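A.B. asks: Residue strings, one per chain:
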Amino acid sequence: MLILALAALTLIALDSFTPWLHPAHVWLEPLAQPFRWASTLPLRWREWNDQSLESRAVIIANNNKLKTEILVYKAQLQRMAELSAENLQLKSLLNGAELIKNNVIVADLVGISSDPFRHIITINRGTSDNISEGLAVIDGEGLMGQVVEVFENHSRVLLITDSSHALPVYNLRNNVRGIIEGSGDFQRLRLRHVSPTQDIQVGDTLLSSGLGQRFPSGYPVGTVSMIDRDPGQAFIEVSITPAAKVDRSLHLLVVFSSVEALDNYPQTAPAPAPAPAPAPAPEKLDPNHASEQ
Amino acid sequence: MALCLSLIAGLFLYSLPLQGDLAFWRPPFVLLISAYWLLAQPQHVGITFVWFSGLLLDLLYGNVIGQNALAMSVTAYLLKTQENRARHLSLPFQCLAAMLIVMLYQTIWMSTRLVSEDIVFSWPIFYPALSSALLWPLVAGSLYHLQRIFR
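Those protein sequence lines, which keep their order, are chains A and B.
Numbers given in my numbering equal positions in the first sequence, counted from 1, plus 20.
Numbers given in my numbering equal positions in the second sequence, counted from 1, plus 727.
In short, the hints are calculated from the structure, not lab data.
Worth double-checking, as some hints may not be accurate.
As the list claims (entries may be wrong) - With the C-beta cut set under 7 Å, the calculated list includes, among others, these residues of chain B facing chain A:
#	residue
1	P744
2	A750
3	Q770
4	I774
5	L787
6	I792
7	Q794
8	Y804
9	A824
10	T839
11	S843
12	F853
Note that the structure is a prediction, hence the values are computed from the model and not measured.
Don't be surprised by glycine CBs; every beta carbon is placed ideally from N, CA and C.
Assemble the whole structure, with the sequences as input and the hints as a guide.
C.D. replies: Right, dumping it as structure tokens:
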């Protein structure tokens with residue numbers, strides 16, 4: 021008994037503090053496939069249910085709705101082309117050196133962590149699709165998480181709701197920056213260190229700020245759902261509802277950020293020092309301190 | 728045969744997908760199943776077997792290797808010391824015993840996880856103990872029938 025306990029303790033220490041046992045994880049991954057697949061069954065059943073058990077009238081109505089939606093998006097996209105060209109021109113005028121272009125790859129959810137204390141999912145893309153650690157994962161609505169472990173044909177994604185996860189964001193309304201951390205609850209995130217004088221309201225949209233160099237900027241992270249101002253506390257409690265359907269999306273996108281130099285655009289002489297941003301930021305956030313793990 | 732089947736079923740049930748907060752209530756089926764066999768077939772199943780099934784669980788689910796092996800084997804050892812008493816318990820007391828066993832297991836498991844993760848010790852870690860006590864008659868009953876079928 022003692023030997024077994026000691027052996028287990030040794031294994032725990034080895035696996036926690038050294039990478040020596042990593043090959044064992046990699047070899048056993050194919051064996052774990054059916055178990056992971058089983059963990060997504062209810063989600064799959066719900067999707068199948070949605071797809072197969074609808075009446076003809078509902079499908080037709082849905083189809084019409086989607087068609088109008090596409091039309092609206094196409095119309096918006098036309099404006100988008102003009103706007104992005106304009107944006108590019110302005111950036112080149114300001115001597116912006118690079119333009120960030122995001123490519124995405126579609127991935128499917130193939131597993132959910134069985135452990136309620138860890139919000140980790142598995143997607144069916146790995147090193148063979150050029151996935152690397154640290155890439156952002158989004159769904160149709162917003163930011164979901166980041167890749168933390170990559171295998172040959174799949175990878176593990178740490179969700180933004182995990183209690184060990186935090187990411188830098190900014191408020192769309194007034195550009196105030198902040199750090200969002202997960203709470204261990206799929207429906208709730210927390211905004212950290214918000215001073216009582218900060219301008220924040222219920223309903224504000226928070227976007228990823230791209231500080232910390234890990235997440236691409238501009239993806240919706242969540243909306244403020246509740247603000248608790250306790251006069252006895254140094255900071256106010258701000259609850260955020262995640263924009264992404266963190267616990268029910270089956271189809272996800274992995275975002276590759278690639279930086280394109282603006283070489284083919286006319287460069288002007290260095291502009292005078294840019295005016296300081298008017299946005300009041302009560303808490304000065306050093307990007308180096310913007311923790312993302 | 729019954730052993731292998733039930734263990735595989737247990738490994739599948741370990742990842743039993745539950746919505747939202749219900750996930751905290753998922754009983755540790757592999758532990759319950761190995762505890763049953765530990766008492767029902769002492770000639771085949773010992774603490775080493777429990778240790779290896781814990782190791783398998785860790786490997787399959789990508790936990791830190793050895794966490795479940797440790798927690799399950801220590802729990803099984805303590806159960807083994809009370810073997811003769813545990814085997815003659817009536818059903819309600821069996822449920823109570825299952826609750827204690829799972830509480831012990833959760834405590835050890837969560838403690839080992841503190842090494843590498845930041846876990847908040849709060850009541851949810853003992854929810855599986857309650858759900859195990861409630862589900863124990865079902866688990867024990869189906870394992871008993873499985874044993875009868877493959878005899």
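A.B. asks: Tell me, in ascending order, the numbers of any earlier hints that this structure violates.
C.D. replies: 3, 9 and 12
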